[in-house]
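Note that the protein sequences, when read in sequence, are chains A and B. First residue of the first sequence: 1, per our numbering; consecutive thereafter. First residue of the second sequence: 1, per our numbering; consecutive thereafter.
Hints were generated in silico from the structure; no laboratory data involved. There may be inaccurate statements among the hints.
One copy or any two copies: either way a pair holds, since identical chains are not told apart in the list.
To be verified - Calculated pairs, DSS-like style, for lysine-lysine (alpha carbon to alpha carbon, straight line, at most 30 Å): (1) K134 with K23; (2) K159 with K183; (3) K134 with K16; (4) K23 with K141; (5) K369 with K16; (6) K16 with K183; (7) K229 with K369.
Protein chains: 2
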Amino acid sequence: MGIAGEIAIIGMGKTKFGDNFEKSYFDMVVEAAHGALEDAGLDALDIPAAWLGTCYAYAYTTEGNAGTSLAEPLGLYDLPVTRVANYCATGMDALRNACFAVACGEYDLALVVGAEKMRDVPPRGSLVAQHVEKGHPLYCKGRTAPGMFALVANRYADKYGDVKEAMAKVSVKNHHNGALNPKAHFQREVTIEQVLRAPMVAEPIGLLDCCPTTDGAAAVIITRAELAKRYTDDFVVIRGIALSASLGYFSAQFQPDWDFLGFRATRVAAQRAYEQAGITQPFDQIDVAEVHDCFTITEIVNYEDLGFCGPGEGVAFISEGVSALDGALPVNTSGGLKSYGHPIGASGVRMVIDVADQILGRAGPRQVKKPIDLGLAHTLGGPGAVSCVVILGG
Amino acid sequence: MGIAGEIAIIGMGKTKFGDNFEKSYFDMVVEAAHGALEDAGLDALDIPAAWLGTCYAYAYTTEGNAGTSLAEPLGLYDLPVTRVANYCATGMDALRNACFAVACGEYDLALVVGAEKMRDVPPRGSLVAQHVEKGHPLYCKGRTAPGMFALVANRYADKYGDVKEAMAKVSVKNHHNGALNPKAHFQREVTIEQVLRAPMVAEPIGLLDCCPTTDGAAAVIITRAELAKRYTDDFVVIRGIALSASLGYFSAQFQPDWDFLGFRATRVAAQRAYEQAGITQPFDQIDVAEVHDCFTITEIVNYEDLGFCGPGEGVAFISEGVSALDGALPVNTSGGLKSYGHPIGASGVRMVIDVADQILGRAGPRQVKKPIDLGLAHTLGGPGAVSCVVILGG
Chain A
1 MGIAGEIAII GMGKTKFGDN FEKSYFDMVV EAAHGALEDA GLDALDIPAA
51 WLGTCYAYAY TTEGNAGTSL AEPLGLYDLP VTRVANYCAT GMDALRNACF
101 AVACGEYDLA LVVGAEKMRD VPPRGSLVAQ HVEKGHPLYC KGRTAPGMFA
151 LVANRYADKY GDVKEAMAKV SVKNHHNGAL NPKAHFQREV TIEQVLRAPM
201 VAEPIGLLDC CPTTDGAAAV IITRAELAKR YTDDFVVIRG IALSASLGYF
251 SAQFQPDWDF LGFRATRVAA QRAYEQAGIT QPFDQIDVAE VHDCFTITEI
301 VNYEDLGFCG PGEGVAFISE GVSALDGALP VNTSGGLKSY GHPIGASGVR
351 MVIDVADQIL GRAGPRQVKK PIDLGLAHTL GGPGAVSCVV ILGG
Chain B
1 MGIAGEIAII GMGKTKFGDN FEKSYFDMVV EAAHGALEDA GLDALDIPAA
51 WLGTCYAYAY TTEGNAGTSL AEPLGLYDLP VTRVANYCAT GMDALRNACF
101 AVACGEYDLA LVVGAEKMRD VPPRGSLVAQ HVEKGHPLYC KGRTAPGMFA
151 LVANRYADKY GDVKEAMAKV SVKNHHNGAL NPKAHFQREV TIEQVLRAPM
201 VAEPIGLLDC CPTTDGAAAV IITRAELAKR YTDDFVVIRG IALSASLGYF
251 SAQFQPDWDF LGFRATRVAA QRAYEQAGIT QPFDQIDVAE VHDCFTITEI
301 VNYEDLGFCG PGEGVAFISE GVSALDGALP VNTSGGLKSY GHPIGASGVR
351 MVIDVADQIL GRAGPRQVKK PIDLGLAHTL GGPGAVSCVV ILGG
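So here's chain A without its partners, still in its complex pose (with noise of 0.2 Å):
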């Protein structure tokens, strides 16, 4: 049977997502929880399993290590409580993992957090520098998140042309759609001229193609499908979840087949994610999408590895406004990680709240005009190693 069209979202909560230095770890996981409680209607003891996505545990903060981190917070003591972990996929994994548990029947309901807290340490205490200084194979060569994905860029630009003006189009219409969200963390637009001008960061990348470091979190309630009218009629359905991990962590650059055009771990996630939605044809079924961009130039790519354009269209895709709020196939209508930023554990949570809310008709400004049925939320982590990509429907 497995979990396609098994489970419905019946409940969603977030912070405010940037430097959130008057909110602890413990602070953000209780207001995104209680927020997704209070919209499904149910008190916290009602629920009887939880999971908790928390991507670096230690290395920011000595909270969310375990289930204990969500137990402690939200006082939901005896309840069975995992904490996964999966680089930027870590939020949709541990909202996968619930889904298993509500499909089986073990339980009825389940509360997915996802959260990070990554403002609260001075730049040598970064995730790279922490690292370096137990001496990581790949960061100690100089092989950041943004050295990898300008390799990415200027592969690309090799093959295809100039990408570097389509990339800071991508910068501008997330920074727009940002600008229209209060929980974003970046909530200015920004133009063309300030986003080529920008420092270099890593040749293409400049700092306005990437996305920034973010303390979040965002919660979610699930029940199965067929539950879901007990408990409010503003729900969807996932209708498909797959998640792949498609490329090695520490060998990724040596991987003799990677063209470094594409992530494999995408595609394949997709296509699984597809195949359970019944979607043959992404850019015409899939109305709206939420979609990893870490850096400009990955959004590009993602639009080729996710099927909503051919190889190399991607420059085409977002310079001809396809993925505009009012395009064919808005991407990213929340301000995406560029601007809505990029709490790793939470990114994926908050990116399935965020289509959910398009298909419920409750984006406020940022809401797309035309009717939505089937939206899609994608997450890439590690060096393009692994994918999640979820399916949700009404």
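Dock chain B against chain A, hints included.
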């Protein structure tokens, strides 16, 4: 429906536990996983999904943070691989999540690997040292694991009378069993006198009351019980599996209702697992058990928390030989954490394998002489905060 009775373990593998300086984290993952595959008569490419249990990624090694740490060493690319972390319940909770996915029909098979590499660091790189360096709110105040469990031992002695000699008997019993186990970290007997005269770590816990830190990996392959006979005749069925987060990690010692005489997490997890398995009289119905003897006092309170005997009767339980290899309810026939060692993410999976081996009559010189119908495996993590209990049967 749920998972109780629905899942069978059809393949098992594990490395030698110990100072595996000659084996990397990846080496151990490969050895354990391929042991399980060979045992099940399967090829790695037969596996559609996997779960990895590693508790402290980055604390000891750079591996273990995500599903890629299983996909990469096995070359199992394109698979969904989830990493779970839940203190000492990590390995069992990885198994539990895999059970949900197989029970709901998403996959027919799943590979579960628990692994931890703990010995490749100098003492100043130990977990406690690293936590102190990061400003861990409890470790900085000296509340280490031996210190915390010493509070339990002292409270127990205050309430029920001297427990130090009974603790020593747990060490003697588990070293005796471990001496029969070629995969145990320590394979030698100790005497009561040696345990009582060992250097004091945290009064009354001496060096030979403590389990060691250890390298190791263990793996199982599961399928739905109805499919098990396709693969092998040597399988066991999971009759119950339950997790509980019953205490906060950071506020553990401030919980007003904690009497320090046992662990609520164990009691809650056991109660749920017993209900699933139809167990009403644990002592009468369970034939063999692997329990979490991180310290000898922990095994004694486990007897009580698991309902093997009443409150305060744990001392008699060990002293009268009830839990000995030839006793009425043999406990830690493998040698336990005390002698087998405790690679955190691996232990839960390893314990399940040792109980399964007893049920299948494969425990060699440690095989219990009486027939074994039902066995129990139990982990307890954090400061008694998280527990998982698994009931296995034929």
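Which of the stated hints cannot be reconciled with the structure, identified by number in ascending sequence?
2
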